[in-house]
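Residue numbers (the working numbering), protein chains in the order written: chain A, 1 to 325; chain B, 326 to 491.
If you are wondering where the hints come from, they were derived from the structure by calculation, not from laboratory data. Hints are supplied without guarantee of correctness; some may be wrong.
[As the list claims (entries may be wrong)] Cross-link-like lysine-lysine pairs, in silico, BS3-like; alpha carbons within 27 Å at most:
1. A:295 to A:265
2. A:265 to B:467
3. B:353 to A:268
4. A:265 to B:368
5. A:17 to A:6
Fair warning: this is a prediction, and the values are worked out from it, not measured in the lab.
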Amino acid sequence: MKSTLKMKVDSNVTGFKVFTIGQFRFERCEYFAYIYWPLGSHMMPVDAFLRATMRDIAWGFFYGTVNFDDVIGTINHYGTVDLFAGTLNAEYKAGGKDYLETFPSDVLMKLLVDIQNDWTNAAFDPFAAPQETGAAWGRKNGSNTKAISRKRQTAKRMIGVPGDTETRTDANGYPVNRAFLDVDQSSPQVVEEPGFENRIHAFNLFAFLSRSDVTWNPSVVSVIRQSLLCPTTEEFILPIEHGNDRVEWFLQISDEIFWEIKDGKTGKIRANVVMKPGDVCCMPADIRHRGLSPKRSMLIVWENGSPEIMEMVKAGTVPRVGVEF
Amino acid sequence: MSAQYTTSFSSIDSYEKGGVQIIDDDLKNFVFSNIYEVAATHKPYERIVVGKNLDYTLEAVRAEGTSPWYACAHDEFVIAMDHNVEVHFMELGDTSKIDDEQDGSFKLTAQPLGKKIGMVTLSRGHMAMLPEKTAYQFRAAKPSTLLLQTILGQESLERWTEICLK
C-alpha cells in the first residue's frame, strides 16, 4: 500500500497561500505550519513558525544558523543562505532524511517576508511577548503589516547623537513597557561650557530598553568600528535556537535568563547557563543557544561584525571560544 | 488590575552570580564572570577585560574617587551600572599625544592643557560617549561600577583566571 506523509490542508478553506521555493513547500492551517521537502515533511505550531521567521527576517539571517526548531532553519553565508531540513539534527542526518538548498539571500528573504505577510493574522504580533499579543490561530483574518514591518534601531555611532538614531520616548511611539514601569526615566545631567554645546553625548540606556516594544530583537546603541553593542529586552522564550558561527557575548543587565546550550551540529545538550544581573558569558562558536526569560529582562548582546570575521568563518579559522585561559 | 513587576538590578554592594551547569562541555569555554564582583574586588580604575572579541573589549571598572585623565584615538562608551559617576571632559590641547594607530585608551601624565568642555553626571543605566581625541576623567563619591566598550589597549588588564568560573 502506498503511504504518504502529506497532511490535508485546504488553502481554499483556510484562506492562506501556499509558498514554494526550490524543492521546499510551505502550507499553513489554522494551527500549524507544514514544511515539505523531497525526503520528508515537518509540522510546527504556526505561532512558533511566525515568531522564528520574524527574527530571521529582522536580523537579515543573522550570524550563522537560525534554527526555527530542531529540524528547520537557515544558515547565513553572507550573500547566499541555506534553507535546511534536518541538516543539523543528528537523527535526520543519520537516517539520510536531511535536505538543504542554497538560495540568494534576497530571494529567500522575499519568500519569508511574503509568508509573514500572508500568514500573520490581524491580532497576532510575532515580535511581542505572549501576554502582549492576540493569537496566531484560525483562518485568515486580516494582516498585521505594522507589527511585522518594524525595523530594529541601529545607531551608526550612538543612540541620541544628533543625526543618528533617536532615543525612545512617549512622543515617538515608545511608551514604557508594563514590566519596566519601575525603571528610572531620568536623563543624564549634562553641563557644557560656552562654546562646547552638543559636544557631550549621553542618554539613559536602561530607560531606552524599558521602552522596547519587541522581545528578542536587539538594537545597536553604540558602535566602535565593528564592535556593536546590541542590548535587547527578553521575555518568555527566544523563538529560535541561534547557532553561532563566531563567539557571541552576553551581559545580563536586569532580572534573569536561563540559556539552553546545545551542540551546533547535532543538537546534543552541552550545558545550561543561568545569568543574573552583571553576569557576563561567552557563547562558543560551535553551539546553538536558546534563552528563557521568566520576567521581561534586559540583556546586552555584544557582536563583532567585522568582515575579517566573515572571512575567518568562511576559512574555518574563526576562534571557537572567546578567550583561552 | 494589571500585574505589578519589580525589575531586579544589582550593584557593587549587592550582587548574586548565576552560573553554568556543564553537561558535556568545558566550563572555561563560557568565560563566565560578573562585572559587579570584578568591580568589588579590584582597585579603583583598573580596567578589567570581561569580554573580548578579537581586539574589541568590554571592560569592568571600579570607579572610586578621582581617576587619572585618559584619552583615546577612537570613541569609547561608558555605562554607569549602579551608582552616580561624573565624567569630566577637556580638550587635549596637545594632540601630538594621540597615535591614530594605537587602540585603547591611555593615561595622560598631567591635566590636559586644553579648555574645559563640560561634564556629565551618570546615574544607573546612563550611557555616555567618550569621544575620540578628547580627554576625560571619572569622579565617583563612592565605589561604583562602570562598563566600558572599547578596544584592547595599554590600560586593559586581562585577568581571566582570576575573574572567571573554572
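Identify every previously stated hint that the structure contradicts and give their numbers, smallest first. Hints 1, 2 and 4 are the ones this structure does not satisfy, whereas the remaining hints hold.
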